[in-house]
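**Q** If you read the sequences in order, they're chains A and B. So that you can map any letter, position 117 of the first sequence is 116 in numbering that gives the first Met the number 0, and since no number is skipped, the others follow by simple counting. So that you can map any letter, position 14 of the second sequence is 13 in numbering that gives the first Met the number 0, and since no number is skipped, the others follow by simple counting.
It should be emphasised that the hints constitute simulated quantities derived from the structure, not laboratory data. Given the structure is predicted, the values throughout are model-derived calculations rather than measurements. Please note that the accuracy of each hint is not assured.
Stated by the list, open to error - Every beta carbon over 10 Å from chain A, so not counted as near; a handful from chain B, in silico: (1) Arg43; (2) Phe47; (3) Ile58; (4) Leu63; (5) Met80.
Said to hold, decoys possible - Examples of chain A residues toward chain B, derived with CB under 8 Å: (6) Phe49; (7) Val51; (8) Leu98; (9) Leu206.
Claimed, not checked - What the simulated footprint calls covered on chain A by chain B, stretch by stretch (three residues with Cβ under 8 Å from a Cβ of chain B suffice, anywhere in the stretch; the number is not a length): (10) 104-113; (11) 155-168.
Ideal placement from N, C-alpha and C gives every residue a C-beta, glycine not left out.
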Amino acid sequence: MSSARQSGTSTVWSLVLFATLALFAATLYAIFVVAPVEQQMGIVQKIFYFHVPSAYAMYVGFGVSAVGSAVYLLKRDPKWDALGVAGAEVGTLFCLIVLLTGPLWARKAWGVWWTWDPRLTTTLLAGMIFAAYLALRSMGDAGEVEKRFAAGLALFGVVDLPLIHYSVQRWRGGHPTVITGKGGGLESEMYWTLGLSFIAFTGLAVLLIWARASVERQREQTARLRLELMHR
Amino acid sequence: MRALIAALVLGCTMLLVPVALAEEPPAEPAATAAETPKDAAEERATQFVGVRGPEAESISGGALLLAAYAIVWALLFLFLMRMRGLQRQTAEELERLSAEIRASGAR
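Could you build all of it, start to finish, from the sequences and the hints given here?
**A** What follows is the structure in structure tokens.
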């Protein structure tokens with residue numbers, strides 16, 4: 000990479016980083032000061048402002064992983080494989096956040112930590128598929144076969160994303176549908192707070208995928224160099 | 000006249016007593032063992048019965064909210080630490096490989 004391009008990339012990275020940090024500060028202010036406490040559930044409803052954008056960031060991560068994997072299967076270019084790994088890791092991180100913050104909210108709202116609601120079940124399924132992807136990739140230096148098999152797994156896993164999204168509309172369950180449903184929706188302060196949180200989480204997901212893909216490419220280059228040295 | 004009055008009283012008594020008895024509230028049941036006066040030792044609880052479902056909620060919403068936000072920041076921190084570890088490991092590996100290349104070039 001030329002030094003001018005590297006400098007440009009570094010500037011963009013810094014801009015996105017500072018914008019994301021500022022957005023998170025604004026989001027936290029909006030959540031705890033601007034947005035009103037929900038009438039029925041009380042203060043615990045404020046989990047919503049991190050829970051839903053985390054689910055969205057999970058979609059971004061898994062979607063990026065599927066795109067990277069699909070292009071890798073077509074071109075066999077390691078940089079796309081690195082993107083697939085980065086997307087899968089970041090997606091799994093946000094999936095874990097969703098699966099841990101959801102039960103804390105559900106305990107107060109539904110009286111149970113977990114229920115086999117269609118959306119919860121399909122989210123757990125997506126998490127398990129991508130956890131299998133990461134387990135496969137964590138077994139030492141992945142060879143070509145492992146990389147291709149993992150890429151196929153990512154493409155299989157991404158099919159679950161529309162199921163997660165439309166499960167609340169198609170099947171009966173207890174999950175709220177204030178955004179995707181036809182109910183009363185959100186009050187304006189809640190709406191803007193959620194919007195701000197969505198933008199902040201998008202920035203965070205982009206930064207994490209970017210950083211993780213960069214590390215993965217360096218690891219790939221190091222592994223290649225090691226192999227070349229061994230065959231000298 | 001006295002016989003008439005006596006007949007009226009008797010008739011009224013025979014008519015009104017069954018009606019009065021019919022409208023009377025049911026007699027109080029005999030005092031149960033629980034209502035009988037006890038001393039302090041006897042008033043202690045002898046069993047615990049669990050309440051299930053939403054009624055059992057005793058965790059405050061604030062604690063749950065705090066836990067949820069703590070989980071988010073903790074997981075993000077752990078992810079960043081892991082990435083830093085990977086980066087450090089890669090840098091060390093690169094350093095080692097560079098040294099090997101320099102050594103093999105010198106030979």
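**Q** Each hint should be assessed against the structure and marked as holding or not.
**A** Checked hints:
1. No beta-carbon of chain A comes within 10 Å of the beta-carbon of B:Arg43; the shortest separation is about 30 Å.
2. Once the 10 Å rule is applied to beta carbons, B:Phe47 is consistent with being away from chain A; the minimum gap is 20 Å.
3. With a least CB separation of 7 Å from chain A, B:Ile58 falls inside the 10 Å interface cut-off, contrary to its annotation.
4. With a minimum CB-CB distance of about 5 Å to chain A, B:Leu63 fails to clear the 10 Å threshold, and the non-interface call is violated.
5. Every CB of chain A lies more than 10 Å from the CB of B:Met80, the least distance being 12 Å, so the non-interface label holds.
6. Interface restraint check for A:Phe49: the shortest CB-CB distance to chain B comes to about 5 Å, inside 8 Å, so the restraint holds.
7. With a cut of 8 Å, the hint placing A:Val51 at the interface with chain B is violated, because the nearest CB-to-CB distance is about 12 Å.
8. Annotation: interface hint on A:Leu98 violated; nearest CB of chain B at approximately 10 Å, more than 8 Å.
9. Because the beta carbon of A:Leu206 sits about 10 Å from the nearest beta carbon in chain B, more than 8 Å, this interface hint is broken.
10. For the stretch 104-113 of chain A, the stated coverage by chain B is satisfied: 5 residues place a CB nearer than 8 Å to a CB of that chain, which reaches the threshold of 3.
11. Residues of the stretch 155-168 of chain A lying with their CB closer than 8 Å to a CB of chain B number 0, which falls below the three-residue condition for coverage.
Violated hints for the displayed structure, listed by number in ascending order: 3, 4, 7, 8, 9, 11.
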